[in-house]
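Trainee: Listed below are the residues making up each chain.
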Amino acid sequence: MTTTLANRRRPERAGGPEKGRPARRGGSSSSRPGFVWALPATIFFGLFALVPLVAVAVLSFTSWSGLGDPKFVGLKNWEALFEDPVMLQSLWLSLLFIALGIITQTPLSILLGVWAAGNQKNRAILSAIYFVPLLLSSAAISVLWRALLDPNFGIPGQLSWLFGDGNLLGTQTGAIAVLIFVGMWQFTPFHTLIYQGAARQIPPVLYQAASIDGAGTVRQFFSITLPQLKNSIITSVILMVVGGLTTFETVLILTNGGPGTGTTITAFHMYQEAFRRFDFGTGSAIALVLVVISTAISFAVVRVSGYDKMRSSMEGL
Amino acid sequence: MNNHGWVARTIAGGAALALGLTMAGCSGESGASSRPENELHVAMYGDAGNVVEQKMIDAFNATSEVKIVLDKIPGGEYQSKLQTIMDTPTAPDIFFNWGGGSIKSFVDADLVLPLDDFIKEDPQLKDAFLPSVFETAVIDGKAYGIPMRGTQPVMLFNNSKVLADAGISNPPATWDELLEDVKILKDKGITPIALGAGDRWPTLMWFEYLYDRVAGEGLFQKALEGDTSVWESEESRKALGMLRELVDAGAFGTNFDSVKFTDGGSPALLASGKAGFELMGSWEYSTQQSNDATFAAEVLGYSEFPKIDGGKGNEDNLVGNTNNFYSVHKNTRYPEAARDFLKLMYSDQFVQEQVAIGNLPTTTNTEKFLDKAADPEYAKYQFNLVKEAPSFQLSWDQAYPPEATVTILTAVSQFFSGQIDEDGFIKAMQSL
Numbered sequence: 327m328t329t330t331l332a333n334r335r336r337p338e339r340a341g342g343p344e345k346g347r348p349a350r351r352g353g354s355s356s357s358r359p360g361f362v363w364a365l366p367a368t369i370f371f372g373l374f375a376l377v378p379l380v381a382v383a384v385l386s387f388t389s390w391s392g393l394g395d396p397k398f399v400g401l402k403n404w405e406a407l408f409e410d411p412v413m414l415q416s417l418w419l420s421l422l423f424i425a426l427g428i429i430t431q432t433p434l435s436i437l438l439g440v441w442a443a444g445n446q447k448n449r450a451i452l453s454a455i456y457f458v459p460l461l462l463s464s465a466a467i468s469v470l471w472r473a474l475l476d477p478n479f480g481i482p483g484q485l486s487w488l489f490g491d492g493n494l495l496g497t498q499t500g501a502i503a504v505l506i507f508v509g510m511w512q513f514t515p516f517h518t519l520i521y522q523g524a525a526r527q528i529p530p531v532l533y534q535a536a537s538i539d540g541a542g543t544v545r546q547f548f549s550i551t552l553p554q555l556k557n558s559i560i561t562s563v564i565l566m567v568v569g570g571l572t573t574f575e576t577v578l579i580l581t582n583g584g585p586g587t588g589t590t591i592t593a594f595h596m597y598q599e600a601f602r603r604f605d606f607g608t609g610s611a612i613a614l615v616l617v618v619i620s621t622a623i624s625f626a627v628v629r630v631s632g633y634d635k636m637r638s639s640m641e642g643l
Numbered sequence: 002m003n004n005h006g007w008v009a010r011t012i013a014g015g016a017a018l019a020l021g022l023t024m025a026g027c028s029g030e031s032g033a034s035s036r037p038e039n040e041l042h043v044a045m046y047g048d049a050g051n052v053v054e055q056k057m058i059d060a061f062n063a064t065s066e067v068k069i070v071l072d073k074i075p076g077g078e079y080q081s082k083l084q085t086i087m088d089t090p091t092a093p094d095i096f097f098n099w100g101g102g103s104i105k106s107f108v109d110a111d112l113v114l115p116l117d118d119f120i121k122e123d124p125q126l127k128d129a130f131l132p133s134v135f136e137t138a139v140i141d142g143k144a145y146g147i148p149m150r151g152t153q154p155v156m157l158f159n160n161s162k163v164l165a166d167a168g169i170s171n172p173p174a175t176w177d178e179l180l181e182d183v184k185i186l187k188d189k190g191i192t193p194i195a196l197g198a199g200d201r202w203p204t205l206m207w208f209e210y211l212y213d214r215v216a217g218e219g220l221f222q223k224a225l226e227g228d229t230s231v232w233e234s235e236e237s238r239k240a241l242g243m244l245r246e247l248v249d250a251g252a253f254g255t256n257f258d259s260v261k262f263t264d265g266g267s268p269a270l271l272a273s274g275k276a277g278f279e280l281m282g283s284w285e286y287s288t289q290q291s292n293d294a295t296f297a298a299e300v301l302g303y304s305e306f307p308k309i310d311g312g313k314g315n316e317d318n319l320v321g322n323t324n325n326f327y328s329v330h331k332n333t334r335y336p337e338a339a340r341d342f343l344k345l346m347y348s349d350q351f352v353q354e355q356v357a358i359g360n361l362p363t364t365t366n367t368e369k370f371l372d373k374a375a376d377p378e379y380a381k382y383q384f385n386l387v388k389e390a391p392s393f394q395l396s397w398d399q400a401y402p403p404e405a406t407v408t409i410l411t412a413v414s415q416f417f418s419g420q421i422d423e424d425g426f427i428k429a430m431q432s433l
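Here the protein sequences line up with chains A and B, keeping their order.
Numbering follows the numbering used here, with no gaps: position 185 of the first sequence is 511.
Numbering follows the numbering used here, with no gaps: position 200 of the second sequence is 201.
There may be inaccurate statements among the hints.
On the chain A side, residues computed to face chain B include the following (Cβ under 10 Å) [as the list claims (entries may be wrong)]:
id: 1; residue: F387
id: 2; residue: L393
id: 3; residue: L475
id: 4; residue: G480
id: 5; residue: L495
id: 6; residue: T497
id: 7; residue: T499
id: 8; residue: G588
id: 9; residue: F604
id: 10; residue: D605
No wet-lab data here; the hints were simulated from the structure.
Remember, it's a predicted structure, so these values are computed and weren't measured experimentally.
No residue lacks a Cβ here, since even glycine has one placed at the ideal position from N, Cα and C.
Chain A extracted, bound-state conformation (with noise of 0.2 Å):
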C-alpha cells in the first residue's frame, strides 16, 4: 500500500531525480503513469465540464434572455423552481423513464448479448442487422418511428384491432410507451455490446466445470453467466441511469414534451425553459439540477453495488 501511495505521490514532486526519483526507464518499475499523464484529459475535463458547469452555476442567479448582460437576481429563479409544478412533474417523469428503460433494456440486453457472444451460425449476420440502430443518429431514429406512428398512414392504421384510433402520442400513456418503445430500439443494441464483450470474458472453464457438475444451460447462465456479468450490468446501468436523465432528442421529435407537459422531462423542460421561453437563468438552475441528481444516482449505484472496490469477478481464477 504505502509503496502504491509513494508511487502515485511522486510525479507531482517537482523535485527531479535528486530527491530520490527512480529513473523512469528500466522496464521493471510497476509504477502507474503520473498526473502529468492524465493532464489533456484533465483539461479537456477543465474546459469543456467544469468551466461550463461553472457558468452554468453562475447563469443560475441571474436573468438572463440571452440579450443583453445577464442581470443578478439572487434566489429567485430557485425559488420559482421548486414552486413550479412542470420542474416537480418532470422529475418524476424523468424517473419513471428511468426505471422503465432499465426494466425494458436490461434483460433483453442480457440475453442477447450472450447469445451474441456464442458461436453459433448466422450469428454474426443477425447481430450485424441487430446493431443498425446503432448506426443511426438520434433525430433520424424519431424522425423515423415519428412517420412508422402515424395514425392515419402508419402501422397503427393498418393494426386497428392493436391501436384503436391510433391516437398513440395524445394520451400521457401511449406517449411514455411510445418514448420508452423507441428507446429500447434504440439504446438496446449498445447494451448488447457491452454484454457481448464481457460475455466472451467469462472463462470457459467455468462452463465446463458446470456441465460436468451436471448444471444445465439455464442453471449455467443463472449460477455463471449473470454473478460474472455483474460489474458489466452495473456499467450498463450507470449509463442508463445518466442517458435517461439527458434524453432528450427523442422527446423533442416525437412528442414535443406532450401532450400538454405529460412528457415532459426534466432534460426537455430544460431546454424549453432556456430556449424556447430564452430564461437562461432558469434553464440553468435546472441544468444544475439535474448534475446534482445524476452524480448522486451514480454514486449511489457505485457504492450500492460495491464497484468502487474494484473487485474482479475472476479472483481465484
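Once you have looked at the hints, place chain B on chain A.
Mentor: Same frame as chain A, now just chain B:
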C-alpha cells in the same frame, strides 16, 4: 498535502483561465470591426422557398463588392437560434422575422437598426408596400423591417371531391353551416376537419379566428397591451364554448394529437380524402402542389373562415402571418449594402420570382404579376382577401414575444385534448 495543493491550484488556475477566456469571448466586441470584410450574412428561415432568396442574393452579388451570404437555419428552431446568436459577434447582418413580437425584444435590447433614414433617402422602401403589412414591423413609430416573401393569411381549405360526394355544394359560409357539414362528414365516416395538433400551432389558428369573429380584433389587441382581464370576458368564454362544442362534435376526430402538419400527416388526410377540411395558412397550396400538382389545381378548394352570427368581428377579418420581414442588425459593417439589398424587395424581379412559387408579396406592383402566378385564380383570390380585410391579425405566437409561445401553444393543445377547461385556458393566457 502540499502535493494535493499543487494539483488543486493547477486545476483552479486552469479553470479560472478558461473561464476568463470564455467570458471574454461572450462579452467580446460585437462591433462592426470584428465582422468579416466584404461580407453580409443573412439569417434565413430554411425551407423550400429559399431558392428565391438565393436568386435575389445572386443578382445582388453580381454587381456588388460586398457579397451577401445566405445562412439557412432549419425552420422549427429558427427563433431559438436567432435569439441565441443575436447579441454575439456572429450575429447576422440581416435577419428574417415576422415583425411584431418576434423582433420586439431585439429592438428593446437596441440590436436592430431603425430604417427611417433609409426610407427618407428612398421613400419607395415604404411606399412600395401595402400599408397594413408594413405597419407590422413598426415599433414605437420607427420602422424596423422591410416586407419580403409574401403574406400568408389562414383560410379554410377543403377537398372539393369529398364535399361533393357528401352532397355539400358550397364551403360553409357560416358557423352553423360548418357544424352541419361536420355532422354530415362524420356520419359518412370521414374525419370532418384535418388537424395537425402535434405541431400545436395549427390548433392555435382556430382560437385566433374564433376570438376575432366573436369578439372582434380589439380583444386580442387589449390582451397584447397588457389588459389580461379580457380573457375572462363573456365573449372570450363564448368563443371557448364554441370551440369546445366543435371538438366535442367530433370535428377533428379523436387522434388529432398524434397528427402533425409539418411531417405531412394532416395535408395527406385532406389529399387522400380521409378528411373534408383543413384550416391552414396559404402555404397549404404549395404544400399540396409539391405532393400532387393535379390535386392542388383541381380538387383543393378554399374559402374564408365562416362568419359567426352575432359576433363583433368583421366577417372579412383575417388572421395569419401578415408578412415576413428582413431587419438589419445595428452592428452591421455595411449598412449601405444592406440598404441596397433591401431595395430589391420591391423590384419586379423579386415579385415575379415569388409569385411563380406561389408566394404573394404585398408590394403595390404585385397585382400586375398575378397572371403569371402558379395558379392565377388562387393568387388573385388571396390578394383580394388581404386587400379587402379590415383587420389582419398577426398570429398570436408571433404577436407575443417568443417567450410567451410555449405557454400559448401548451394551453391551446391542452384545451383541445380536454386536459384543461375554459378556466384553465383563461388562467394560462392571463399568466402572460
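Trainee: Given a cut of 10 Å on the nearest C-beta pair, is the interface hint for G588 of chain A held or broken against chain B?
Mentor: Since chain B brings a Cβ to about 8 Å from G588 of chain A, closer than 10 Å, the hint holds.
Trainee: Minimum Cβ distance from L495 of chain A to chain B below 10 Å?
Mentor: holds (4 Å)
Trainee: Go through the hint on F604 of chain A and say holds or violated, using the shortest Cβ distance to chain B against 10 Å.
Mentor: holds (5 Å)
Trainee: At a threshold of 10 Å, is the proposed contact between D605 of chain A and chain B supported by beta-carbon distances?
Mentor: Hint holds; D605 of chain A Cβ to chain B Cβ min 7 Å, cut 10 Å.
Trainee: Next item in the hint list is L393 of chain A. Is there a CB on chain B closer than 10 Å to its CB?
Mentor: holds (4 Å)
Trainee: Using 10 Å as the Cβ threshold, decide whether L475 of chain A counts as touching chain B.
Mentor: Nearest chain B Cβ about 7 Å off; hint holds.
Trainee: When the nearest CB of chain B is found for T499 of chain A, is that gap smaller than 10 Å?
Mentor: Nearest chain B Cβ about 13 Å off; hint violated.
Trainee: Hint validation: F387 of chain A versus chain B, beta carbon distance must be below 10 Å. Holds or violated?
Mentor: Since the shortest Cβ distance to chain B is 15 Å, the answer is violated.
Trainee: Given T497 of chain A was flagged as interface, is its beta-carbon under 10 Å from a beta-carbon of chain B?
Mentor: OK, holds: T497 of chain A within 10 Å of chain B, min 8 Å.
Trainee: Given G480 of chain A as an interface hint, is its Cβ closer than 10 Å to any Cβ of chain B?
Mentor: holds (9 Å)
Checked against the numbered hints above, the structure violates hints 1, 7; every other hint is satisfied.
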